[in-house]
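Given next are the chains, with one letter for each unit.
Protein chains: 2
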Amino acid sequence: MKQPGCPLCDAPGGRVVVQAPRWRLVHAQEPGFPGFYRVVWEQHVREFSQLVPADRQSCMDVVVAVEEALLRHLQPTKVNIAALGNAVPHLHWHVIARFDWDSHFPGAVWAGVQRTADPQKLEAVSARLPALEQDLLARF
Amino acid sequence: MKQPGCPLCDAPGGRVVVQAPRWRLVHAQEPGFPGFYRVVWEQHVREFSQLVPADRQSCMDVVVAVEEALLRHLQPTKVNIAALGNAVPHLHWHVIARFDWDSHFPGAVWAGVQRTADPQKLEAVSARLPALEQDLLARF
Numbered sequence: 001m002k003q004p005g006c007p008l009c010d011a012p013g014g015r016v017v018v019q020a021p022r023w024r025l026v027h028a029q030e031p032g033f034p035g036f037y038r039v040v041w042e043q044h045v046r047e048f049s050q051l052v053p054a055d056r057q058s059c060m061d062v063v064v065a066v067e068e069a070l071l072r073h074l075q076p077t078k079v080n081i082a083a084l085g086n087a088v089p090h091l092h093w094h095v096i097a098r099f100d101w102d103s104h105f106p107g108a109v110w111a112g113v114q115r116t117a118d119p120q121k122l123e124a125v126s127a128r129l130p131a132l133e134q135d136l137l138a139r140f
Numbered sequence: 001m002k003q004p005g006c007p008l009c010d011a012p013g014g015r016v017v018v019q020a021p022r023w024r025l026v027h028a029q030e031p032g033f034p035g036f037y038r039v040v041w042e043q044h045v046r047e048f049s050q051l052v053p054a055d056r057q058s059c060m061d062v063v064v065a066v067e068e069a070l071l072r073h074l075q076p077t078k079v080n081i082a083a084l085g086n087a088v089p090h091l092h093w094h095v096i097a098r099f100d101w102d103s104h105f106p107g108a109v110w111a112g113v114q115r116t117a118d119p120q121k122l123e124a125v126s127a128r129l130p131a132l133e134q135d136l137l138a139r140f
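Just so you know, the sequences run in chain order L and P.
Quick note: the first sequence, position 17, residue 17 per full-length UniProt numbering, numbers continuous.
Quick note: the second sequence, position 123, residue 123 per full-length UniProt numbering, numbers continuous.
There's no promise every hint is true.
Remember, identical chains collapse to one label, so a pair may be satisfied in a single copy or spanning two.
Claimed, not checked - For lysine to aspartate or glutamate, the following EDC-like pairs were computed, each having C-alpha atoms within a straight-line distance of at most 20 Å:
1. Lys2 / Glu68
2. Lys2 / Glu30
3. Lys78 / Glu47
4. Lys2 / Asp118
5. Lys2 / Glu133
6. Lys2 / Asp135
7. Lys78 / Glu42
8. Lys2 / Asp61
9. Lys78 / Glu123
10. Lys121 / Glu47
11. Lys121 / Asp55
12. Lys121 / Asp10
13. Lys2 / Asp100
14. Lys2 / Glu47
15. Lys121 / Glu42
16. Lys78 / Glu68
17. Lys121 / Asp61
18. Lys2 / Glu123
Just so you know, the hints here were simulated from the structure itself, not pulled from any lab data.
Treat the numbers as computed from the prediction; the structure is a model and nothing was measured.
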């Protein structure tokens, strides 16, 4: 069921990596954060707890698979996982590889800028995304 | 296993509401956010995906129970859930009742201040926490 005017009902919310019947995985295309993906639940659901238990588990299994792929392929300092949805209340999980050299570390990506990230380091992360995404595609 | 110097191995990280063998629920005591709780995993684990599947499910069951209690008792505009851990890499989930009148809405609680929240509204939320916490205590 689509919600009229919802940005995540009307559009993918990023570059689609995996489209499954109940969810999609998109690359967020957020400048400065090449290892930033989103798991978007297909149905317009507001809160995570509104999913039935089996769907919650499926959803978190995808989030965990993305986190594992980020850890394996990018060796980040930390992975951040969040379902906020204040601006777009359609269930989506942010799964973000964070590096101690990135523009906002150790703050949240929604917090203030701390430094300019080295473009070469950002490019090196981006270069590893095709293999990471192949891995995820093979898993689902 | 405790990690020397880890703030969440050394201290509860808030006012303890429920202490279970594998996790604890604490009230975060963050000014401006009375409906802010944390589910802290007892063992020092860095990333959510490092938990075995049964522990991941137990952990998310607690997160979901807290979210449901926030929705039922506080009627927030939105609930925010996040496991970041950049500053304190010991697995903990933030579960936060957000209101369209709070100081940071619709931004993340880690983003910039947008307004001063009405102290009476904050007090009205705080007044509902004892019943909310009794409900959670009865559940676990």
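Here is how each hint holds up against the structure:
1. Taking CA atoms no more than 20 Å apart as the test, Lys2 paired with Glu68 passes in neither setting, with 31 Å inside one copy and 24 Å between copies.
2. In the homo-oligomer, the alpha carbons of Lys2 and Glu30 never lie at most 20 Å apart, since the shortest distance is 25 Å inside one protomer and 36 Å across protomers.
3. In this homomeric assembly, Lys78 and Glu47 come within 20 Å of each other (Cα to Cα) only across copies, at 8 Å, whereas the closest approach inside a single copy is 25 Å.
4. Taking CA atoms no more than 20 Å apart as the test, Lys2 paired with Asp118 passes in neither setting, with 41 Å inside one copy and 35 Å between copies.
5. Taking the shortest Cα distances, Lys2 and Glu133 never come within 20 Å of each other, neither inside one copy (28 Å) nor across copies (35 Å).
6. With identical chains, the CA atoms of Lys2 and Asp135 are never at most 20 Å apart, being 30 Å at best within one copy and 34 Å at best between copies.
7. Proximity of Lys78 to Glu42 under the C-alpha cut-off of 20 Å is restricted to the inter-copy arrangement: shortest distance 19 Å between copies versus 27 Å within a copy.
8. Proximity of Lys2 to Asp61 under the C-alpha cut-off of 20 Å is found in neither arrangement, the shortest distances being 24 Å within a copy and 27 Å between copies.
9. With identical chains, the CA atoms of Lys78 and Glu123 are at most 20 Å apart within one copy only, with a shortest distance of 18 Å there and 36 Å across copies.
10. Taking the shortest alpha-carbon separations for Lys121 and Glu47, neither the intra-copy value of 36 Å nor the inter-copy value of 23 Å comes in at or below 20 Å.
11. Taking the shortest alpha-carbon separations for Lys121 and Asp55, neither the intra-copy value of 37 Å nor the inter-copy value of 35 Å comes in at or below 20 Å.
12. Proximity of Lys121 to Asp10 under the C-alpha cut-off of 20 Å is found in neither arrangement, the shortest distances being 34 Å within a copy and 35 Å between copies.
13. In this assembly of identical chains, Lys2 and Asp100 lie within 20 Å of each other by CA distance neither inside one copy nor across copies; the values are 39 Å within and 24 Å between.
14. For the homomeric pair Lys2 and Glu47, the shortest alpha-carbon distance inside one copy (15 Å) is at most 20 Å, but the shortest distance between copies (34 Å) is not.
15. Taking the shortest alpha-carbon separations for Lys121 and Glu42, neither the intra-copy value of 33 Å nor the inter-copy value of 35 Å comes in at or below 20 Å.
16. In this assembly of identical chains, Lys78 and Glu68 lie within 20 Å of each other by CA distance solely inside one copy; the values are 11 Å within and 28 Å between copies.
17. For a Cα distance limit of 20 Å, the shortest separation of Lys121 from Asp61 qualifies neither inside one copy, at 29 Å, nor across copies, at 38 Å.
18. In this assembly of identical chains, Lys2 and Glu123 lie within 20 Å of each other by CA distance neither inside one copy nor across copies; the values are 37 Å within and 37 Å between.
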